[in-house]
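Colleague: Each chain, written out:
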Amino acid sequence: MSAYIIRRLLWVIVLLFLVSAITFVIFFALPSADPAQLRAGRQPNPALVEAIRHRLGLDKPIYVQYYRYMKGLVLHFDFGYSYQNNISVKQQIFDRLPATASLAIGAAVVWLIIGISVGTISAIKRRSMFDRVAMGGALVGISAPVYWLGLLSLYLFANDIGIIKIFPGSGSYVPLSQDPSKWFTSLILPWFVLAASFAAFYARLLRGNLIEVMSEDYIRTARAKGLRERRVVLRHGIRSAITPIVTAAGLDIGILLGGAILTESVFNIPGVGRLAFDSIQNSDLPMIQGTVLLGAFFIVLMNLVVDVAYAFIDPRVRYS
Amino acid sequence: MSEPLVEVRDLVKHFPITSGILIQRQVGAVHAVDGVSFDVMRGETLGIVGETGCGKSTTARLITRLLEPTSGTVHFDGKDISHLKPGQVKPLRKEMQMIFQDPYSSLNPRKTVGSIIGEPFRIHGLKEGKGERKRSVQELMEQVGLNPEHFNRYPHEFSGGQRQRIGVARALALRPKLIIADEPVSALDVSIQAQILNLLRDLQRELGITLVLIAHDLSVVRHMSDRVAVMYLGKIVELADSETLYTQPRHPYTGALLSAVPVPDPELAASRRRQIPGGDVPSPTNPPPACRFHPRCPKVQDLCRTEEPLLSPKDSGALVACHFPLTESEAAERLGTAEHA
Amino acid sequence: MSPLLEVDDLRVHFETEDGLVKAVDGVTFSVDNGKVLGIVGESGSGKSVSMLTVMGLSRAKNARISGAARFDGQDLISASREDLRDLRGNDIAMIFQDPLSSLHPFYKVGRQLVEAIQAHKYSSKAEAKERAIEFLGMVGIPDPRRRFDNYPHEFSGGMRQRAMIAMALINEPRLLIADEPTTALDVTVQAQILDLIARLQNELNMAVVMITHDLGVVAEVTDHIAVMYAGRIVEHADKRDIFRAPEHPYTWGLLQSIPRLDRARDEPLVPIPGRPPSLITLPTGCNFHPRCPYVRPRHREVDPRLEPVPDDPGHRVACLLASDTRRRLWQELAAGKQPEEAREEIVEGGLA
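Protein chains in written order, with numbering that gives the first Met the number 0: chain Y, 0 to 319; chain S, 0 to 340; chain C, 0 to 351.
Do not take every clue at face value.
Claimed, not checked - Some chain C residues near chain Y, calculated using beta-carbon distances under 8 Å:
(1) Asp85
(2) Asp97
(3) Ser100
(4) Ser101
(5) Phe105
(6) Ala115
(7) Asp265
(8) Leu268
(9) Val269
(10) Gln337
(11) Pro338
To be verified - Here are the computed distance ranges between Cβ atoms for each label pair:
(12) Asp265/C - Thr284/S: 22 to 28 Å
(13) Gln23/S - Asp94/Y: 40 to 46 Å
(14) Gln337/C - Thr326/S: 37 to 43 Å
(15) Tyr66/Y - Gln23/S: 30 to 36 Å
(16) Asp265/C - Gln23/S: 50 to 56 Å
(17) Val316/Y - Gln23/S: 15 to 21 Å
(18) Gln23/S - Val73/Y: 26 to 32 Å
(19) Arg315/Y - Pro85/S: 31 to 37 Å
(20) Asp302/C - Ala310/Y: 30 to 36 Å
(21) Asp311/C - Arg109/S: 38 to 44 Å
(22) Leu175/Y - Glu81/C: 46 to 52 Å
(23) Asn84/Y - Asp148/C: 43 to 49 Å
(24) Arg299/C - Gly86/S: 39 to 45 Å
By construction, these hints were calculated from the structure, which means they are not laboratory data.
C-beta atoms are modelled at their ideal positions from N, C-alpha and C, and glycine is treated no differently.
The task is simple: from the sequences and hints, build the whole structure.
Modeller: Now the structure itself:
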């Protein structure tokens, strides 16, 4: 197992190198705004733009820029400085990471609880009214775009502009360390909105898996042993059916940790997603590079975590 | 029953087990087939029996070149086919075919029966004429006892026994010289098994096909085969004609197998002295040294632990790989023929 | 001594989209304490469904169950789910065909045994563990203390089945139902398992119902045998009588269609023609008549009932041919005649 993990970690490093190289190439190969021009302001005169270009190192060949960037990254863990406002990229990202993490992990908790419970009940009471309503609702949840749901929820429930004024509206996020209860209430709407489509998907996924698992031979054995039905479903059924859920959850969380752009935008949460979006608008290469690498890192890391977790969940899985 | 159609010499197949961080090194191997030599005579039925892990299925796949040997040779119709490249193997398939065990999963559920049986023609570019293929397929269907009008039906519309007939028809399409049937009836109900076995037997006689039958059911193998090879952990331990093997088994493992087979006769069952080897079959990744059966053999002696017995002829006419084969009375005990005369 | 298990005209019908599936259609038998009943049949005969119903394990929404099944006097059909659950794994235990898929792959074997104990008895984890280890040893698993912590996939096929048997017997049930327990196993392992079941049956004085399609298996371990076809018992007799003097054409067909080590090698196999019937549209009259070489016109109209033969109340047969005729037919078949020949001689020659 440890040989496997080491091998995978080495691959993580290789992949991140690859990602950074590809990002560089895309940035320079595809047409986008000239960052020097953007930085120069309203009425740039060519001399100023040139000076900015030189200062940002944009006049050097691509591979030189790449080399400088990677050198700073590998030797000093330095992600460079934003073209836009000269703030350290590393600083910005780490400042905004907690917000994204709060959003992602909170939403994950919500969608797992809802998805697993609904999925289980639907599977056990197959074709009942509950099942039909739940699966119908799930279809809506999956189909509704998250920004639409977000705007709708604000329209309905935000306490500044909503019809039924319950929850704090857009822009009310505060960090956990600053004010825990306000942090919590400001995230309730975003959590449910972000969780909606995932919960729907997971409910359907678990329902399908559980129905299949419950017809397996070992479930018949468990019943033949005289176990209570509740134990059969929870300890024997769900225990098996949950494995694809774990995999999916790990990967989804990994993706969200790189930034839930739409949700962060609608609710004005200062997370990494917003940062990534803005940096693309501003052709801010170091920032783009930083957010992309962060996103890639989380995805690759969660992939590894999920694979390793699988070995603990399913004892038949053995890595060499 | 004149010359050999298939000649296997010192056939070995090891499946490597690898481990390592960056570079995968081979740390061990599954000794699936570990030095097997035999001939299959033209027109005969050779049965191969053995329990899980003995290597019989792997041997079948080596003969038909679905697998490439690690070492050793396979000759088919005089030609060495051991290390042919994939492109060279394809024409071989016209001459040898396989029938598989599970009639439920060995047929493509998305293809019609006619298309499944006709596929060999398509692959080898035969019977291109309009309607010619369909006629050939329907002939085959009739030959195996299927209704030719069901040409356009799908596998799921047929019962298990009928599906196995489809498999037989497909194997026969190109009139191969050799058919290897890997557990052709074990997934079928008892009353259907007899139908399929009779079909195979009749077709073999009619068409002069050489048949290699692999099964774990010793009664089935005895009924169908002219000669039988008993395999254990990748080696042949006894090879004899059916009559001899089943009345005078010489290898203790053969004796154990025969004494373990349940027979539908209560009195015989009560009078037999079962001689079942204790424990489990050892893992093929680490076979016991010298005689592979020695840890479980009731007749084991020091020689068995140090020197590997080779297949050699014994008084009964069989080839047996054993230093201390069963005596006549020991064999009779296991068969229950001792008090039974 | 009243029987331990009594089944009386049990019917289990499933309502499906394609129609009413009569999986079990009027089955009557009983098993005494300490005796072994073998139920022989092919797929679709209803042998598994009838025993699963007895255990209360076939209570699907679309199942229509009628008739009676009594365990030690207690009615199982009308019993509450809780009562049945109480009996299962406790007084009545069941083992199944494929031990790899019948054990939960994610839990250690020892833990699954402990679970079986704690479902029915108050026992501390430590006590339950000791008992589990004891039973693992009793079924012949070497080094049981270490094996307690193994997962099912770390056992060989034979050992897995032994572990299943240990799990089934751990609460010392009075009745063990074994549904094709050796079908998925190698022949030497099969012999080991059958010997084990026979030994334990003796030691614990347990009644056993052994379900199988293998006539060789029932020849070894049973006291009496019921042959099932299309949801009904067609013949039920002492083991010796089933093999020496069977009186149903289906039983004859089974005996004649299997290759046997104790007969000549080239004795031809006589298959039973045709296929088992659909359980939705059963044949008119006798269920077996479409495949029976000795069918008479009346057999297409009248349904035979399971009735004792004239001189032996313990031997019951469901066939419209006269017992005399049947015995003579069997003599011909046993002498090596083909069914057609035997029919010409006996049936068309007069008595039917």
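Colleague: If you take the shortest Cβ to Cβ gap from Ser101/C to chain Y, is it below 8 Å?
Modeller: holds (5 Å)
Colleague: Okay, Asp265/C versus Thr284/S on CB: inside 22 to 28 Å?
Modeller: Distance hint for Asp265/C, Thr284/S is violated at roughly 41 Å.
Colleague: Would you say the C-beta atoms of Asp302/C and Ala310/Y sit inside 30 to 36 Å of each other?
Modeller: For Asp302/C and Ala310/Y the Cβ distance comes to about 59 Å; the hint is violated.
Colleague: May I ask you to test the interface hint for Pro338/C with respect to chain Y, counting a Cβ-Cβ separation under 8 Å as satisfied?
Modeller: This hint is violated: Pro338/C lies away from chain Y, its Cβ roughly 39 Å from the closest one there, beyond 8 Å.
Colleague: That 46 to 52 Å hint for Leu175/Y and Glu81/C (C-beta), does it hold up?
Modeller: holds (48 Å)
Colleague: Tell me if the interface restraint on Leu268/C is satisfied: Cβ within less than 8 Å of some Cβ in chain Y.
Modeller: This interface hint is violated because 32 Å lies over the 8 Å limit.
Colleague: Should the hint that Phe105/C touches chain Y count as held when the rule is a Cβ pair under 8 Å?
Modeller: holds (6 Å)
Colleague: Verify the CB-CB distance for Arg315/Y and Pro85/S against the hinted window 31 to 37 Å.
Modeller: Holds, since Arg315/Y and Pro85/S (Cβ atoms, about 33 Å apart) stay within the stated range.
Colleague: May I ask you to test the hint 30 to 36 Å on the CB atoms belonging to Tyr66/Y and Gln23/S?
Modeller: The hinted range 30 to 36 Å holds for Tyr66/Y and Gln23/S, with Cβ atoms some 33 Å apart.
Colleague: Range hint 43 to 49 Å: satisfied by the CB atoms of Asn84/Y and Asp148/C?
Modeller: violated (60 Å)
Colleague: Can the hint on Asp265/C be confirmed by a CB-to-CB distance to chain Y that is less than 8 Å?
Modeller: Given a least distance of 40 Å, the restraint on Asp265/C is violated.
Colleague: For the restraint on Ala115/C, tell me whether the closest CB of chain Y is nearer than 8 Å.
Modeller: Given a least distance of 5 Å, the restraint on Ala115/C holds.
Hints 7, 8, 9, 10, 11, 12, 20, 21, 23 and 24 from the list above are not met by this structure, while the remaining hints are.
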